[in-house]
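**Student:** Please construct the entire structure, taking both the sequences and the accompanying hints into account.
Chains C and Z supply the protein sequences, listed in that same order. Following the working numbering, the numbering of the first sequence begins with 1 at its first residue and continues without gaps. Following the working numbering, the numbering of the second sequence begins with 1 at its first residue and continues without gaps.
Simulated from the structure, these hints should not be mistaken for laboratory data. As the structure is a prediction and not an experimental result, all values here were calculated from the model. One or more of the hints may lead you astray.
Said to hold, decoys possible - In the DSSO-like style, the derived pairs of lysine-lysine whose C-alpha atoms are separated by at most 30 Å in a straight line are: (1) Z:109 x C:170; (2) C:22 x Z:275; (3) Z:134 x C:132; (4) C:135 x Z:281; (5) Z:106 x C:135; (6) Z:275 x C:154; (7) C:175 x C:118; (8) Z:116 x C:157; (9) Z:106 x Z:96; (10) C:165 x Z:40; (11) Z:116 x C:135; (12) Z:109 x C:118; (13) Z:292 x Z:31; (14) Z:281 x C:175; (15) Z:102 x C:88; (16) C:165 x Z:190; (17) C:175 x C:134; (18) Z:190 x Z:3; (19) Z:96 x Z:287; (20) Z:40 x C:164; (21) Z:190 x Z:31; (22) Z:287 x Z:275; (23) Z:40 x C:175; (24) C:154 x C:175; (25) Z:40 x C:154; (26) C:132 x C:165; (27) C:88 x C:57; (28) C:22 x C:164; (29) C:175 x Z:109.
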Amino acid sequence: MIDRRIIDGSKIDPELADEMEKAGLDRIRSCIQCGTCTGSCPSGRRTALRTRQLIRKALLGFREEVLSDPNLWLCTTCGTCTERCPRKIDVTEAILFLRNLSCEAGYMRPQHKGVSYKLIETGHAVPIDDDKWKKMREDLGLPPLPPTVHSYPKAVKEVQHIIKKTGFDKLVNYKEGKEDGKT
Amino acid sequence: MVKHRYSFFLGCVIPNRLPQIEAATRLVVPKLDIELVEMKGASCCPAPGVIKSFDIDTWLALTARNIALSEENGLDILVLCNGCYGTLIAGVAGLKDPDTRKRVNKILKGTGHQVKGTITAKHLVEVLYMDVGKEAIEETVVNPIDARFAIHVGCHLLKPADIRPWGFVEDFMLVDELVELVGGTTVDYKLKDMCCGAGGGLRSAELEVSNDMVREKIEAMQRAKVDALVNVCNFCHLQFDVGQMQLNNQYGTDYQVPVLYYTQLLGLAQGFTPKQMGLDKHYISTKPFLEKIGMSV
Ligand code: SF4
Ligand code: SF4
Numbered sequence: 001m002i003d004r005r006i007i008d009g010s011k012i013d014p015e016l017a018d019e020m021e022k023a024g025l026d027r028i029r030s031c032i033q034c035g036t037c038t039g040s041c042p043s044g045r046r047t048a049l050r051t052r053q054l055i056r057k058a059l060l061g062f063r064e065e066v067l068s069d070p071n072l073w074l075c076t077t078c079g080t081c082t083e084r085c086p087r088k089i090d091v092t093e094a095i096l097f098l099r100n101l102s103c104e105a106g107y108m109r110p111q112h113k114g115v116s117y118k119l120i121e122t123g124h125a126v127p128i129d130d131d132k133w134k135k136m137r138e139d140l141g142l143p144p145l146p147p148t149v150h151s152y153p154k155a156v157k158e159v160q161h162i163i164k165k166t167g168f169d170k171l172v173n174y175k176e177g178k179e180d181g182k183t
Numbered sequence: 001m002v003k004h005r006y007s008f009f010l011g012c013v014i015p016n017r018l019p020q021i022e023a024a025t026r027l028v029v030p031k032l033d034i035e036l037v038e039m040k041g042a043s044c045c046p047a048p049g050v051i052k053s054f055d056i057d058t059w060l061a062l063t064a065r066n067i068a069l070s071e072e073n074g075l076d077i078l079v080l081c082n083g084c085y086g087t088l089i090a091g092v093a094g095l096k097d098p099d100t101r102k103r104v105n106k107i108l109k110g111t112g113h114q115v116k117g118t119i120t121a122k123h124l125v126e127v128l129y130m131d132v133g134k135e136a137i138e139e140t141v142v143n144p145i146d147a148r149f150a151i152h153v154g155c156h157l158l159k160p161a162d163i164r165p166w167g168f169v170e171d172f173m174l175v176d177e178l179v180e181l182v183g184g185t186t187v188d189y190k191l192k193d194m195c196c197g198a199g200g201g202l203r204s205a206e207l208e209v210s211n212d213m214v215r216e217k218i219e220a221m222q223r224a225k226v227d228a229l230v231n232v233c234n235f236c237h238l239q240f241d242v243g244q245m246q247l248n249n250q251y252g253t254d255y256q257v258p259v260l261y262y263t264q265l266l267g268l269a270q271g272f273t274p275k276q277m278g279l280d281k282h283y284i285s286t287k288p289f290l291e292k293i294g295m296s297v
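**Tutor:** Rendered as structure tokens:
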């Protein structure tokens, strides 16, 4: 049987578009659904990501459907759609904003939580977590640790201070000492 | 007196995964009358594809701290990574707004840093092309490198264009020109402008899709019969070097396009050895390329 797409009015949340406008995406409602974004998209060439469709659904207020859509996480943030949009909509920024809401709604990927935990613990999203990297640095005539947060424990504390203040640790379910692998 | 001084922003991938790019850059830039001042205690930029995707406020506050460190040095920032550049330049632009600055400085309170909006961030390509200039670079070339190169510029060097110094995004030829300066020939190939596929959290959570972009670009480069790929972003560099290896392991292919960061190539042209440029530390062997130009590691 053909599954007809009947829009269930109770699922529509008109505030989503307002939120996007308030977040600085002031041109978002001017989208004419031309599809230039989809046509420019290097990820959409090989995946089910349809950028135009995401924007349409967001504007219509399909909050749950957009925020839970795994395709939202296939954008490389290359920025091509933003450069080419004839209505000068910052499409890439719109995707990043929707991703923020998606994380808040609990759809964060475990791998992405892992990256966040590294940032929280070390100040680097990609830290030196194996002695082989230190050895590689020394082979090249560099000190084993770079002059970044890796060499300054006080700097790590500063990063953690910021993260606590913005609530990022809570967003990613980080608990000191043990990683909460919940997804 | 050195002519050009910058705070040197390392980010994560360069010091912690690809230190050959750090080592090469530290050796190469003094010849161009550049002094690099360390940004002590700098953190992740933080990454525009991952951390910004999770929480824009955290992303902005952490980049503001990095910008503040460079303000304390009293210098503009030199960046080697397109991603870090994208974050820092967006931070610089966003923090020009006094209300945003006030809000972010409230978050920074207690770290000992406040951001004032007095400096900017420059990508290596901007520093080389606009601050140092082509003649000064050419003067340092003692060993011209005669080979065919595919250039991969990378997305965040160019986009969004409104907060970049270039004024255009398509057919960006400045990196081609920098490679030609050292004696190389650059060749066009299909999808030259396309993304490497590493960003947006894809390398960490969507590896198949991410590496499919490597496949597409590398196949086009092979068809164009290049000796090596030259990039100006360590994340693109990692994507192509590690990505080819992963594809070969997974699918039994034989992608073998050596991947060089621009300062590694410039270093060879300035007379440094392949070992000093860390060319023995690559995932895809650089040997065929080095043989072609009469060198070995
Ligand atoms: S390119 Fe712009 S106007 Fe066209 S569909 Fe995409 S967002 Fe809408
Ligand atoms: S920024 Fe994202 S959605 Fe836009 S073209 Fe690039 S990959 Fe596609």
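**Student:** So, for every hint listed, does it hold in this structure?
**Tutor:** Each hint, compared with the structure:
no. : hint          : in the structure
1   : Z:109 x C:170 : 20 Å, holds
2   : C:22 x Z:275  : 53 Å, violated
3   : Z:134 x C:132 : 38 Å, violated
4   : C:135 x Z:281 : 12 Å, holds
5   : Z:106 x C:135 : 40 Å, violated
6   : Z:275 x C:154 : 35 Å, violated
7   : C:175 x C:118 : 12 Å, holds
8   : Z:116 x C:157 : 22 Å, holds
9   : Z:106 x Z:96  : 15 Å, holds
10  : C:165 x Z:40  : 22 Å, holds
11  : Z:116 x C:135 : 38 Å, violated
12  : Z:109 x C:118 : 23 Å, holds
13  : Z:292 x Z:31  : 26 Å, holds
14  : Z:281 x C:175 : 37 Å, violated
15  : Z:102 x C:88  : 28 Å, holds
16  : C:165 x Z:190 : 47 Å, violated
17  : C:175 x C:134 : 28 Å, holds
18  : Z:190 x Z:3   : 39 Å, violated
19  : Z:96 x Z:287  : 47 Å, violated
20  : Z:40 x C:164  : 22 Å, holds
21  : Z:190 x Z:31  : 35 Å, violated
22  : Z:287 x Z:275 : 12 Å, holds
23  : Z:40 x C:175  : 28 Å, holds
24  : C:154 x C:175 : 20 Å, holds
25  : Z:40 x C:154  : 11 Å, holds
26  : C:132 x C:165 : 34 Å, violated
27  : C:88 x C:57   : 19 Å, holds
28  : C:22 x C:164  : 25 Å, holds
29  : C:175 x Z:109 : 23 Å, holds
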